[in-house]
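2 protein chains.
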Amino acid sequence: MQLGLSVSDSDVSSFTPLVVLELADDTKAEAITWLLNRIRGKQQNGGAELLVDQLLFPAQDGQKSNPNVFVVGSTLQRLLKGAEDVGLFKEFQDGTMRGFTYANRESFKDFYGDGEGFLSDAECQYIIKHELDTLRAKNEEHVPGYPKVKLYPGKSVVRRLQSKGVLVQYFPLHNKEDLKRLSFSWYKKIKLYFQPLDDIRHYFGEGLALYFGFLEYFTFALVPMALIGIPYYLFDWENYDKYYVLFAVFNLVWSTVFLEVWKRCSAMLAYGWGTLSRKKAFEEPRAGFHGALGFNPITGREEPVYPSSKRQLRIYLVSVPFVLLCLYLSFYVMMVYFDMENWAISIYNENPNVATGILLFVPSIIYAVVIEIMNLLYRYAAEFLTNWGEPEILLSNHLYLYSFNFVNCFASLFYIAFVMQDMVLLRQSLATLLITSQILNQVMEAFLPYWLQRRRNKKVHKRMRRMMGDKELPLLEQVQLETEMNTYLGTFDDYLEQFLLFGYVSLFSCVYPLAAVLVVLNNITEVYSDAFKMCHVFKRPFSEPAANIGVWQLAFETMSIIAVVTNCALIGLSSQVKAYFPESETEMILIVVAIEHVLLAFKFILAFVIPDVPKHIQVKLAKLEFDSLEALKKRVNGRKAYW
Amino acid sequence: MQLGLSVSDSDVSSFTPLVVLELADDTKAEAITWLLNRIRGKQQNGGAELLVDQLLFPAQDGQKSNPNVFVVGSTLQRLLKGAEDVGLFKEFQDGTMRGFTYANRESFKDFYGDGEGFLSDAECQYIIKHELDTLRAKNEEHVPGYPKVKLYPGKSVVRRLQSKGVLVQYFPLHNKEDLKRLSFSWYKKIKLYFQPLDDIRHYFGEGLALYFGFLEYFTFALVPMALIGIPYYLFDWENYDKYYVLFAVFNLVWSTVFLEVWKRCSAMLAYGWGTLSRKKAFEEPRAGFHGALGFNPITGREEPVYPSSKRQLRIYLVSVPFVLLCLYLSFYVMMVYFDMENWAISIYNENPNVATGILLFVPSIIYAVVIEIMNLLYRYAAEFLTNWGEPEILLSNHLYLYSFNFVNCFASLFYIAFVMQDMVLLRQSLATLLITSQILNQVMEAFLPYWLQRRRNKKVHKRMRRMMGDKELPLLEQVQLETEMNTYLGTFDDYLEQFLLFGYVSLFSCVYPLAAVLVVLNNITEVYSDAFKMCHVFKRPFSEPAANIGVWQLAFETMSIIAVVTNCALIGLSSQVKAYFPESETEMILIVVAIEHVLLAFKFILAFVIPDVPKHIQVKLAKLEFDSLEALKKRVNGRKAYW
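Residue numbers (the working numbering), protein chains in the order written: chain A, 1 to 643; chain B, 1 to 643.
Next comes chain A alone, as it looks inside the complex (with noise of 0.2 angstroms):
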């Protein structure tokens, strides 16, 4: 970020914008005052110490802006103390990260002059956003203006206000050039290497850098599966259910190192960005959160305490019948599309020609289009239920929403393999679910916002050539162009996406090897379509430092847990290994089981053995700790307990 060109740069606005604030269009001017007053008030009194200006759009024609739109930016010096607070990890001169300090700033690396460029735009905007969320209610009853939204010491401000509906939202501004720069080396030439995930990383933050790292990597593992798999398509097709079993076996060795591999990746990833050493325990709790104030133990800073017992309840309360009741009419569905099926069938049989056979998929593309629509209901309704909660429910109704999505996608693939025990129609089945999943994706998720989003576009480019004329005003139909974007909720669906995508190739493919190929092809088109859409669909979302995928670490390996006692089960049931044992199923029975317990322990040994941080950051993390731990036991000397 270059904070030295901002005059020049901007047009209505004296320093660089970097996050746009949208109040209602009818707010009470004492209660714009009194936020502007706290968002610029100094720190030792409470307020961010940010600098805020209003936009004002030149009203014509009768259709009025909203006029309560302000810009927050900030002075190069705040932004450092904020990188400060928030505990940004940074590469100090000896190559190692250190929590970087504004009195020590200038022993970071990088660090020059001023220290213009050293924290990256994401990072920026991600102190802005900090310090905006940690804006708490001091005396104030309530907010000037509006007695009843009351406000009690210690509470976000920010996310009253949004609660309230006063503050409608407050998003981070793209960087044009810098947009026009990354997108350019990120998806607009047709390339064979890797994405650019330091610019990204830089522009995006953390969070969605790691998301497209994983994407990336998850691709090229699924490469040499697609090689084995094509042939095996072509000069197997008519038996090659009798010969899955070599690859059930190379899915199961797959899937184990593709995981443990990554995790040395992501450890490196996040070691080189800050993330990995700093820790999440010490971060301020979710501004949304509720609760009464007390005192974090660890780091004795005063915040909001989230009671235990209460928030316990709540989970058994809602969440588990809730799921329960879900999963219920997801087997409901199940059964209706075996009915249709079945139907299906007897027509197919009755009248057996080409409109009878295309009527053969047409129940499972309706299976999976409402599996893709139950999936949807469920992620918003989950969404619902987390927007109450904090991250220690937020992790359970991850993992409820991957359990619910596993068992509305898989069940019927499970039943139709070891129930019917019907290899030909399970292979006709996972293909249609995956092509017909992978298409409603891809058109939900990029070319229906695109298409609305160039819509919008057209309107507000027309309304602001009639409001302002000639006078080129860049920012401000910028700020309007983005006002009207939709939001990016986050990596999760992404990463529910690749899980599931996982799910088929890792389960399943040995009886349709054609899959990993789909998956493939599939990735290739996501990493376009996704750039595409965090550059130009959607707003710019807020950087989310993040040292690893998190949870769906455990949810991939979970799966690849299941793919292992899935690909032996399916390895029993094959026509090649019963020929070999034609008196004793029983023998037969065993000896799969014997060889799945061995390979299920190869993996927990392969998983204990592979250490998941490497070596060699290890030991850069052991001299941190070292080296503060030292520091520590000088430091104590004198000072009071505050325990």
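Quick caveat, the hints were computed from the structure, so don't treat them as lab data. Not one of these hints is a red herring.
Note: identical chains are not told apart, hence a pair may lie in one copy or across any two.
Taking lysine-lysine pairs in the DSBU-like style, the calculated list, with each CA pair at most 35 angstroms apart, reads:
{"id": "1", "residue 1": "Lys-623", "residue 2": "Lys-90"}
{"id": "2", "residue 1": "Lys-623", "residue 2": "Lys-155"}
{"id": "3", "residue 1": "Lys-155", "residue 2": "Lys-615"}
{"id": "4", "residue 1": "Lys-138", "residue 2": "Lys-28"}
{"id": "5", "residue 1": "Lys-623", "residue 2": "Lys-42"}
{"id": "6", "residue 1": "Lys-180", "residue 2": "Lys-263"}
{"id": "7", "residue 1": "Lys-623", "residue 2": "Lys-109"}
{"id": "8", "residue 1": "Lys-615", "residue 2": "Lys-138"}
Add chain B to chain A, keeping to what the hints say.
Same frame as chain A, but now just chain B:
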């Protein structure tokens, strides 16, 4: 430890003697002078700055004692500075555990006056051991007087002298008064309550205290199983091999919960003792450790570094073939045992009477004795191999060691259970193995050494009387006695015994419910005999700071996973279960396998859900880390990078 009383307490040295150093009786005078100078020398000159005195035994009757026995002690200040060097964690005045520093000594809880009584006896001796071990060669080319005992800069002097036989041994002295108090509260009175773990830790250090804590916990945990086992045994004697299903299910759940709860107990103990926060990685390497000098990448200290590729090669070239050879031998012995068993049965069948009935048990008893001998031999061989190496080799050697013991002890039982499917023989074999090995262990471990020790004590006592007539020189006599005691080789053998007992109980106790009863009885006597042997049979061992039971946690967990599989298989073999599926064996197997998978999944979920460290201790650890990082942030300023 009460240093204030030192002068009046001891008879021949001017300070409280803590550690005894015995050199060979023909050691050259210049070597002795050199060593004593190094021990007494200032720290800045590479000395240990400790106090050391020679013990002079009055020579009489031509029976000369070794003149080169020294006692080492220290000033209180030196010990406190040493506590900082070894990185002890002590309770801070705010109730948390902090790394001790001499500068901040006054801020620690229980530090009064000049710090008398602040460090435990075991800690003082540990500190002295550490200081002696880290006496490193400077520019001396060889030990004075011994041109062949070469010295290399940075290598441990003490270790070099020990490996060349110049230093015979060094060990901590018992504190007679403390020992009397400890042994009274520990095992001299019959009681139903817990062992005095804190006192044990105070006297012997954390490693041993954790062992006794584990032994006690394990024994208590077995009581419910023993209580269930007795009625099973009494009322179903004739056909409980049909009714063991319920018992097997109980075993499954028990073995999982048992280990999870222990982890939490162990974390609580270790936190209170300051070893949970203390990081192993920051410790100096073992003194015995051969290797070139280099920089520890974490602490930045100069110390010997072991080349990694050489290490790997040694493991593979020596350990692996050795283990394979031993396993082959073990299987061979097992086959001989089965031959003997068949031979005994054939004799009994020819002529069934009391004598041949007793003969039936003879093969099992012989086999049990042979197993014990083989375990012992392997253990010494492994000890020999381990002496080479350093912690990483040690770990893999331990893994081989317990794998070997596992196979050696349980191979025959698995063979009988699953290949021969003979539950009666299994029961008989299990009972004989268990009882024989328990008796052997108690004899070998405590009674035999005790008997040898008593004979030796009497001899020493007589000799001392002869030498000194009526003079009361208790220190001389104590040193003489303790010098000739056997050395305690660490908790490894004791844990190994518990590990094998855990195996007998968790794997097969459902077919022999009395197993748990036998183990409980064994462990009650074990507590007493182990306590007795620590106090009176062996030399006092140096304290080993331990945060958990280390590799044994993993070993026990692996065993409990094997227990799930074994118990499920035993359930599948039971006639009770088979009776439910009269036609279809396949169906029965599939159901048993499914149940086993559910149980394993449940086990992993349980292990995942139950935090290893209790919440309140997690908070304290996180607080320590947070404070450390904050301290580092503040301190880094102005410091030069030394990476």
